Amino acid sequence: MPETLMTCIQCPLSCRLVVDTGSGELVVSGNQCRKGEEYAHDEIINPTRSLTSTVATIFPDFPLLPVRTDGEVPKDKIFEIMDIINSILVEKRLRPGDVVLEKIPGTGTPLIATADMREL
Amino acid sequence: MEGGLQLVKKTLQSKGFPQVELSERRGAVVLEGEVQNWDDYLAAGYGAVGYGFRGVVNNITVSGLKNCFTESRPAVKDLSLDSSEFDVVIVGGGIIGCAIARELSRWDLKIALLEKEDDIAKHTSSRNNGMIHPAMAVKLGSKKHHYNLRGNRMYDQVAGELGFELEWPGSLALLTKSWQILLGPLAKRSARKKGLHGVKVFSRRKVKDLEPNIGDEQRGAFYMPESGIVAPYKVTVAYAENAIQNGARLFMNTMVQGFVMEGSRIAGVRTNRGIIQAGLVVNAAGIWSDRIAEMAGDRFFTIHPRKGVIAILDKKTRNSQKLILGRAQLNGRSHTKGGGLTPLIDGNILVGPTATETPDREDYSTSAKELQFLEENHLPLNKALKKDDFITYFAGTRACTFEEDFIVEASKYVENLVHAAGIQSPGLASAPAIAVDVTDIAVSILKKKADIKANPNFNPRRLEAPNPGKLGLEDRNRLIAANPSYGRIICRCEMVSEGEVVDAIHATLPAHSIDAIKRRARAGMGRCQGGFCTPAVLNIISREINSDITEVCKREPGSEMIVGRTKDKARAGYEN
Amino acid sequence: MKTDVMVIGAGPAGLSAALAANQGGAGVLLIERESRPGGILKQCIHDGFGIVRYNEKLSGPEYAFCDLEAVKSRNIEILKNTFVLDLKMKDSKFKLLLQNPDKGVFPVTATSLVAATGCRERTSRQVFIHGDRPAGIYSAGTAQNLINIHGYLPGRKCVVLGSGDIGMIMARRLTLEGAEVLGVYEIKSEVSGLTRNLVQCLEDFDIPLYLNSTVTKVHGARRVEGVTVAAVGPDYSPLFGTESYIPCDTLLLSVGLIPENDILEPLGLAMDTSTGGPIVDQQMMTTIPGLFSCGNATHVYDLVDHVSESGATAGSAAAGYCKKDCVQGEIEVKAGDNLLYAVPQRLVPGKDSVVYFRSARTMDNVLLQVEAGEKVLTNKKYIRLRPPEMERLVLEPLPAGLEKVVLSLKEAETDA
Ligand SMILES: Cc1cc2nc3c(=O)[nH]c(=O)nc-3n(C[C@H](O)[C@H](O)[C@H](O)COP(=O)(O)OP(=O)(O)OC[C@H]3O[C@@H](n4cnc5c(N)ncnc54)[C@H](O)[C@@H]3O)c2cc1C
Ligand SMILES: Cc1cc2nc3c(=O)[nH]c(=O)nc-3n(C[C@H](O)[C@H](O)[C@H](O)COP(=O)(O)OP(=O)(O)OC[C@H]3O[C@@H](n4cnc5c(N)ncnc54)[C@H](O)[C@@H]3O)c2cc1C
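Taken in order, these protein sequences are the chains called A, B and C.
Taking numbering that gives the first Met the number 0, the leading residue of the first sequence gets 0, the next gets one more, and so forth.
Taking numbering that gives the first Met the number 0, the leading residue of the second sequence gets 0, the next gets one more, and so forth.
Taking numbering that gives the first Met the number 0, the leading residue of the third sequence gets 0, the next gets one more, and so forth.
Since the hints were derived computationally from the structure, they do not count as laboratory data.
Since the model is a prediction, treat every value here as computed from it, not as a measurement.
There could be a bad hint or two in this list.
Pair ranges (Cβ atoms, derived) [as the list claims (entries may be wrong)]:
no., chain 1, residue 1, chain 2, residue 2, range
1, C, Asp101, B, Gly346, 26 to 34 angstroms
2, C, Lys87, B, Gly140, 35 to 43 angstroms
3, B, Gly346, C, Asn378, 48 to 56 angstroms
4, A, Ser28, C, Glu402, 42 to 50 angstroms
Under the rule of at most 25 angstroms between Cα atoms (straight-line distance), these lysine to any residue pairs were calculated in the SDA-like manner [said to hold, decoys possible]:
no., chain 1, residue 1, chain 2, residue 2
5, B, Lys315, C, Arg391
6, C, Lys380, C, Val299
7, B, Lys385, B, Glu403
8, B, Lys568, A, Thr6
9, A, Lys76, C, Asp324
10, B, Lys368, C, Val107
11, B, Lys469, C, Val107
12, C, Lys380, C, Tyr355
13, B, Lys448, B, Asp436
14, C, Lys380, A, Thr6
15, B, Lys386, B, Asp436
16, A, Lys34, C, Asn364
17, B, Lys368, C, Pro237
18, C, Lys102, B, Arg269
19, C, Lys333, C, Pro396
20, C, Lys92, B, Lys368
21, B, Lys314, B, Glu403
22, B, Lys138, B, Glu403
Just so it is clear, CB atoms sit at the ideal spot from N, CA and C, and this is done for glycine as well.
Please model the entire structure based on the sequences and the hints provided.
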């Protein structure tokens, strides 16, 4: 049966998708919006995730800065990327959207700050 | 005593224990042999009471019951106390040991209190109802009655000197049957004989007026105004701190493991930190007091633990009840105070306790069944309460002897040993009076050898840190202006400020663990049970005692809260 | 100090309320007991916030940042580290006693009060876990704070009890930060958080989920050494013979959130026992005139976007109240068949309203009906409803004179 069941994780609606690959092409049903279709395609061909974590800072009053990938990264690279994230040390007070890492090695995706380090 | 042994033998035979061997040792009856279960062990022990012996030493083994009991022992082992000398060594840092240390500190003596845990009041003295009983439920003529009544009368003064909170809400022993009201005159006469004042019989209407939420099945009550409430761990801390301020030394993580005997004297106290030379030893080891007696070859009683489970209700319930509520115990033979609903000095309501015999002395686990018992038996006394209001629950074990009375006396065979043992309920209520008597006994023994003088620097008032919550507005503002950390609330449920946590860490009796701070400053005791303040308290402890966050414990070493840090790799480069 | 509108809590609900009250022309004072505004979002560093409002998946701190910037740009006063010591009503005004490290204790009088105090987590004691109390038992939120704010790892081998969202999100965070999550145990027969969290937090990381099972005992005297887990029967009691022991050093609890309203309760407002929050109308006004509730203090929302919406509603109504432009809702909203609850519980006629509800159980192909007496006011079809997933419904203004409307869910006949 060339049919795959999955849950769309693009929003809390959590649509239950059915992906039919029988015809050689991907046919998605069960989605309530376009995002569901895109998600299903990606999930079959190249599953990606956005990754959120924290990086260390030199500021004792703000020891950890929350960060996220500005876009999705390959799911199977997540632990590699965590290794990179774990070795970053931020030495400037950043704000949301500020770039922490221009390009995460091995991906084209930037890593950005998501909190305001001046808000103590 | 041959005749006595015969009589015990006969009784045990009739109870179905012909296999139990009897002997006499120093006036006590010793039971040996094997029985099937713990109930039989207890039945045999109780069966041997009342034949003129000093006490029952129940050495019967229970088949299948392995010695696999819970007992916490200190992890440290060193010689830091080896060869140290003290006039008095007190074993046990519960309410009894701490009160004794304080009373003894009126004298010019070198005093050491040894406690096996990392903090005082970790056993029964923080696991009880906090009630100052009026001495009604105790038998006239017993030591329990004697000390309960005297202790009750001392509490106002002690609270004033040591600065702990005390209230006298009074208690109602509720009656479920209308005819029980007829027992009123009898109860009043008994109360008078026992030395109580102001005991009254209340009709259902009167009870309802006083306590509008009272359960519908209640027909009336006996009212006892002389029933008080305290926070038992705070009383213990207060006694201990005043003792330290008057020169006594407290050693935590120090466990008594035996004695070095010289004839009929204790010469040295063996501990995990070396042998301490002692002029006199006071046994205040609570649930283990029979073992301490045994170490000195002076065991004439047996402690069998009776577990009590207690639940604490959210503070928002406090306005639903004013008095201590319990059911009247009219059969008189029950070994418990019956339990009920006790308003707490800190603003919660306490439910319980239960009473179950258990072989395991430090097993404080609770079960769904016990909670259900509390819910079904005690909660309905106040109709405003629901099971949803439970914020926490825990257990304690009462140090009961088969004689069911306190032991407060000098050893008959060891010259320099005084027992304050078997102090079950109402031990908290009795503590001030027990401490005074033990001090008198100890001093009179010591006086035989040396001239003992009063401590010229004794100050009965405990010096303590400010309590912003108890200050008037202006004083509170002055305090916060001088030290803003008293204005920063970190425990939102109990409204505890950072300043108070810092004070607890640096107090006379320092609190360095999450639980110790909870007992001193109440941070983490509220409805969220530390969910919000734990990270802040961890950081404050780590900062104030200058230790790494991974070393901060919930209680004793081995109970570390944090196992490591994230992002070590990034920081490693920077910090080097 | 005096103010028109006082807002308690600077989480997303309080920030939106303060902003809306200010835009409505009222003088606003916003207080927050922590040192940083943002509420619980400060520690929710994962993404997924703001899908409705911004059509973007922001992280919690980013989402809070947007609102905070707006509040700052309008010079709304925020008092941080500020705690409510006492709250009373006098002459229909709110008299508060506040405390902070800078000003000490000081009184504030407010014409209207918005409580945006958020929620707290249910504790291990409240789910009646027995055993001693060793170190290593954390609520998921406390663990989240330790890891995300402080960088402290609470344990290395963890068992999670409860499949709430925070628990599943923390299972992923712990895994990413190097700890091992042995499994998530859920007493019910289905996961209690969002399905997307089941996929991206558990399945992505091969963390097993055990349904119909629970932790019955915690072992270890000092630090957690293990837990006993067991399968449960239909009445949630453990099934004899199914117990097994799992060595671990940490037990994380994600067993539910409770709206936090303790400071309000002394005022004697009516509460809804099924939401745990106050009874409100569509303006978020409680049964006490001038007292508003919003965000997770009213009921626990799934989406922060809706939390903000409730805050904005409360804030602008509070500003209206100060201008005497606010009446109390009197039409009762009843959560009828198959509904867990519905908020608001009261409606003012002649005004639009947003109604949130949860179904009492998982249902497929259902019809929601809003009825007033015999008359059906609205019908709406849903493909699937699950209790963890809250639904939002916009109701047309109701005619005056109604006493009660009833919401109910009916299963469509299956034709297979
Ligand atoms: C459920 C319950 C409810 C109660 N309610 C009340 C009440 O409402 N009112 C009341 O008056 N009484 C009440 N009681 C009784 C009261 O709590 C006790 O009588 C009192 O706490 C006993 O104090 P203690 O100092 O003798 O014992 P503990 O507090 O147990 O102290 C003994 C100490 O000795 C230490 N120790 C033991 N062995 C050694 C060793 N070898 N070396 C070093 N240290 C050692 C222990 O660690 C312990 O800290 C209650 C008891 C229970 C269990
Ligand atoms: C531990 C926890 C973790 C959560 N994690 C997630 C998650 O990962 N994802 C998700 O979608 N949702 C999560 N939620 C739900 C989240 O709370 C909501 O999405 C949203 O943040 C609620 O906003 P709020 O403004 O109502 O409450 P909060 O964000 O909780 O804000 C309430 C604010 O009020 C302040 N406050 C409360 N009482 C007082 C007082 N008496 N005086 C002064 N200030 C006061 C508090 O300090 C806090 O800052 C979590 C909730 C909790 C409790």
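Here is how each hint holds up against the structure:
1. Asp101/C with Gly346/B: 26 to 34 angstroms: Given a distance of about 28 angstroms, which is inside 26 to 34 angstroms, the answer is holds.
2. Lys87/C with Gly140/B: 35 to 43 angstroms: violated (53 angstroms)
3. Gly346/B with Asn378/C: 48 to 56 angstroms: holds (50 angstroms)
4. Ser28/A with Glu402/C: 42 to 50 angstroms: Given about 45 angstroms between the Cβ atoms, the range holds.
5. Lys315/B with Arg391/C: violated (33 angstroms)
6. Lys380/C with Val299/C: Roughly 24 angstroms separates the two Cα atoms, so the pair holds.
7. Lys385/B with Glu403/B: violated (34 angstroms)
8. Lys568/B with Thr6/A: Not OK: Lys568/B and Thr6/A at ~36 angstroms, beyond 25 angstroms, violated.
9. Lys76/A with Asp324/C: violated (57 angstroms)
10. Lys368/B with Val107/C: Since the Cα atoms of Lys368/B and Val107/C sit roughly 48 angstroms apart, the hinted pair is violated (cutoff 25 angstroms).
11. Lys469/B with Val107/C: Within the cut-off at roughly 21 angstroms; holds.
12. Lys380/C with Tyr355/C: holds (15 angstroms)
13. Lys448/B with Asp436/B: holds (20 angstroms)
14. Lys380/C with Thr6/A: holds (21 angstroms)
15. Lys386/B with Asp436/B: violated (43 angstroms)
16. Lys34/A with Asn364/C: Cα-Cα ~23 angstroms, so holds.
17. Lys368/B with Pro237/C: The hint holds at about 13 angstroms.
18. Lys102/C with Arg269/B: violated (55 angstroms)
19. Lys333/C with Pro396/C: holds (17 angstroms)
20. Lys92/C with Lys368/B: violated (48 angstroms)
21. Lys314/B with Glu403/B: violated (35 angstroms)
22. Lys138/B with Glu403/B: holds (10 angstroms)
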